[in-house]
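Chemist: Chain residues, written in single-letter form:
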Amino acid sequence: MAAARRLKRVAVSQPGFLTLKPSLDPSDLVSGRRKRVNKNKKKNWNKHSDINDVEEFLEDVRHQERTTGGLLSEKSDDSLFFLDVGQPKKAEQKAEESVEGKKRKGKASRPLRIDLILQHDSLVPPAKDVLSYQQPNAKKLRRIAQKAEQLAAKGVVPRRQRQLLNRRPVDRTAKKSATEANNNPDREYYDMWGQESKESADPWYLQQTGKRQVKRPEKLNEKPSVLPAVEVIAPGGSYNPDFLSHQALLQEAHDVEVKKQKQEEKLERQLAFNKEDKATEETVLREQVEGLVEEENEDEEAAADDEEEDVAVGAIALSEKKTERQRKRERAEKIKEQQRLADRKQTDQQQQLFQLRSIKASIRQREQKTKSNQIKRKAKQEAQKSQPRRLGKLKFQPQDLEVQLSNELAGSLRRLKPEGSILKDRFKSLQKRNLIEPRDRAKFKRRLKVKYVEKRAFKEIT
Amino acid sequence: MGGLQKKKFERGAATNYITRNRARKKLMLSLPDFRRLCILKGIYPHEPKHKKKVNKGSTAPRTFYLMKDIRFLLHEPIVGKFREYKIFVRKLKKAYGKTEWSTVERLRENKPTYKLDHIIKERYPSFIDALRDIDDALCMCFLFSTFARTGKCHVQTIQLCRRLTVEWMNYVIASRSLRKVFISIKGIYYQAEVMGQLITWLVPYQFSHDHPTDVDYRVMATFTEFYTTLLGFVNFRLYHSLNLLYPPKLDAKTQSELKEEDEEDYAMDSESYLEKLSALSASLARVVSSAEEEEAELDQFPVEGEDMEKMEAREKEQKQQEAQRKMFQGLKFFLNREVPRESLAFVIRCFGGEVSWDKSICIGSTYDVTDETITHHIVDRPNIDKQYINRYYIQPQWVYDCVNAKILLPVEDYFIGVTLPPHLSPFVEEKEGDYVPPEKLKIMALQRGENPANEQEEDNDEEEEEDEEEEEDDNADEEEDDEEEEEEEAEEKNLKEMEDQRSQGKSLQVKVTPGKVKVENPARLEQEEKAEEKRLAIMMMKKKEKYLYDKIMFGKKRKVREANKLAAKRKAHDDAEKAKKKKARK
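Note that the protein sequences, when read in sequence, are chains D and A.
All residue numbers for the first sequence refer to our numbering, where the first residue is 1 and numbers rise by one.
All residue numbers for the second sequence refer to our numbering, where the first residue is 1 and numbers rise by one.
Hints were generated in silico from the structure; no laboratory data involved.
There's no promise every hint is true.
What the hints assert, rightly or not - Under 8 Å between C-beta atoms, here's a sample of chain D residues computed to sit facing chain A:
id: 1; residue: Leu141
id: 2; residue: Arg142
id: 3; residue: Ile144
id: 4; residue: Ala148
id: 5; residue: Ala152
id: 6; residue: Asn182
id: 7; residue: Trp193
id: 8; residue: Gln213
id: 9; residue: Val230
id: 10; residue: Ser238
id: 11; residue: Ile422
id: 12; residue: Pro438
Even glycine gets a Cβ: it sits at the ideal position worked out from N, Cα and C.
Can you make the complete structure from the sequences, with help from the hints?
Modeler: Listed below in structure tokens is the structure:
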């Protein structure tokens, strides 16, 4: 307690210290009996030492700082006091008026109370947050910056920047064209056959990445047919044809039609059934009772079969073993026969010497025959080059001939009615030249059955 | 003997071919994609020689491809694009299903596309190769450009086709390379000679489409996709070969003329330029603007003898062609509204004529009906109300027939309301001894510069001449003999007279007449010699050859006979027609 008192004395009795609270009287601090406590333990130091006076003092200091911005004792007198000389009356009145005016005016301008409450009213500035001013790795960065400055002064460009500079400028137009559709009506063309080769990148790179163009085999540039791309219609197909050529075209169309009809008739003939094969009443009845009525014939047949079997078995049993003599004779006969054939062959060959002329003739004949066959085969191959080949399930069906009958012919270009479709003509031409295989239109198959329901409104009517 | 038994179908033909389905699986593509790839790359199915060997013993009809071709396809970068596209479609479908519109938009923006430029270059290593294959491309583009924009194919494709065809027609006009035109019941056939290549194409009539159902539109669209790319590059090259700007620009002079009209009536701003180009009435701008085209002249070389003759002949031919190209030069045509404008404008402009039409039909008309300088007015109706006296009113067929005949035909046969002479196909080339229709003979006579005044007689003469030409060769020598005989006879007569006079006791009137120089026609002599040689050659023939020769001659004669028969038939038909007409008149 003595220490506390001493401290108080120290704090309050400091020269020039003014307490803000008047209640704090130094005489009050000394009071009552003091309690005896051992002070040889640290615990007791904390427990039984009275620090109120110090705390109160510090609190007072803080209070002063908060409200006035510093210790009152350190302030100059001018800032604390002023000379009160009383106020002139007029001024007071004016002041009142002005206050009233202010009140009216200030209703809008005066801050709200809640704002005032929330206002920071301490005169002590808030503490600085040190961390917010700190920079991680500041030292390292500073060093790097310094080094960069040094290098820049020397004129050395850092690697990163160098790479950026070295990078090729991005081709904007190329990217645009890459996304452009192939059938864009405003697309651009260039001279494709002008420049020889536009091999941009390293050939080794292209080869390794599989981006090099593979050379097209020469054989692919051959056309699969010798037919021309556009076959001009016969002269009879003119809109105002010559009489005879028109007749010729009509004849051709007629022949095609007749051929078709014949084929149809043939098919019908083949499909027609013979009238004698038609079931009569008798045959129908026989079919119905088949197997129900027992017939005696069957038994007889069965008996005959048995007999035959017996005979067959007997024949196998009858064959005997050949004797040694028989074998010998057979062998001799065989050898004799062979000898005879060999002799015969030899004499034939000798005879051929005298037939030389006829042999020569026959050889010549054969050669001639092969030659003519060759020619024929070649001609056939040539002819086949212009024929449509069989490329798929279906055979090529030639288009119907476009023909206008004599009474359909228009006298003038204005009244001409076009015949046939060019689209179909082109399509058939592609097929005829073996560029595409003839195909049927894919049939639509319904997966689920359609259910028909009569609507009520419809039902009412019917 | 011994060893492992060799397995079947592991060697030979069976390994050279691959079926379509297996090829498709190897490329990992769907069937439509595979088909498209094959069309674009120019790989076509093959028919193997021995189907059974290739098809592993089965004879079922299948589509086969060559194994090497398919292996070649494996390297194509477009295959990857096809797969990307497949995935794009799948993603798009999914986004639609989930109604994620932002995703749909994003996907749409990044839609995978591909270019066919490298394939064109690969398939046509040189420009001439491409030009040889341009027939198909032209037909297809002309066909697609006439389609209605109703969703049978993509609208953009139609627009592109239209643009390319217009460019092509403008090129043909600028280069004056049109040769033949044939109006058939199917469409109009044109033939042009571009850089020494004969190019034929077929243009459909406008508004004549009923879409057939048995045509695979997808296949056709794929072909068109390829051909548009090809035609574009070819056009570019052709324009540059003529020093024309590409894409084509109208000549500044003509453009200013055209500007005067109000263009908004016809088309939107974006389309009006193409429309003006497609009007075909204005010439194109050149890179080097030259006032007059320089005519390329053949270089003159000092040569002798036969070469000289050949040279002259060639020069003459060249001149003739030049004249043909300028056939309509200086003529002013006006097209009435019922005639096919585009075709006629194209043909007339190809031969240097000027052409115009009513303002309300199409953009780009250059003068009015009332223009006094118009020389030909093309009409296709039985009569017309107001006629100007200083111009011919003719039917459109005249223009086409002139082009095919390569001369300006007399206009009388083509006046309004006159029954037209038949329109003959210029694509038929008659050999010797074939039947030639009389109309063609007439035109041929006109070409030779003969007077068409006495047509009928000449016609008949022509026919007879044609008929007899063959026989003449054989009979030439005989005729010679005849003439000699005649001369001899004349001499004998003279002698006889002299004898008579002597017998009558009169003194001979001896008179010396001045000798006449026996005129020897060198050409005639040469002919005689040739005929003699021929006869001798025939005499010297071996039996076998003689037999063959006789056969050939017989065939020729038979042909002539048939032609004669046809001519007679025609004459009978004509007579019948005439009689009918006369009756009708009465």
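Chemist: Determine for every hint whether it applies to the structure shown.
Modeler: Hint check:
1. The closest approach between the C-beta of Leu141/D and any C-beta of chain A is roughly 40 Å, which is over the 8 Å cut-off, so the hint fails.
2. Contact between Arg142/D and chain A, as hinted, is not supported at the beta carbon level, the nearest pair being about 45 Å apart and thus beyond 8 Å.
3. Annotation: interface hint on Ile144/D violated; nearest CB of chain A at approximately 41 Å, more than 8 Å.
4. For Ala148/D, the suggested interface contact is broken, since its CB lies about 40 Å from the closest CB of chain A, more than 8 Å.
5. A hinted interface residue such as Ala152/D counts as satisfied when its beta carbon comes closer than 8 Å to some beta carbon of chain A; here the least separation is about 42 Å, so the hint is violated.
6. For Asn182/D, the interface hint holds, since its Cβ comes within 8 Å of a Cβ in chain A; the closest pair sits about 6 Å apart.
7. Taking 8 Å as the C-beta cut-off, the interface hint given for Trp193/D holds, the closest approach to chain A being about 4 Å.
8. Taking 8 Å as the C-beta contact cut-off toward chain A, the hint placing Gln213/D at the interface holds, the least distance being around 7 Å.
9. A least Cβ separation of about 5 Å between Val230/D and chain A falls short of the 8 Å threshold, and the interface hint therefore holds.
10. Interface restraint check: Ser238/D against chain A, minimum CB-CB distance 5 Å, threshold 8 Å, status holds.
11. The interface hint given for Ile422/D is met, as the beta carbon of that residue sits about 5 Å from the closest beta carbon of chain A, less than 8 Å.
12. A least Cβ separation of about 10 Å between Pro438/D and chain A goes past the 8 Å threshold, and the interface hint is therefore violated.
Violated hints, listed in ascending order, are 1, 2, 3, 4, 5, 12; each of the other numbered hints is respected by the structure.
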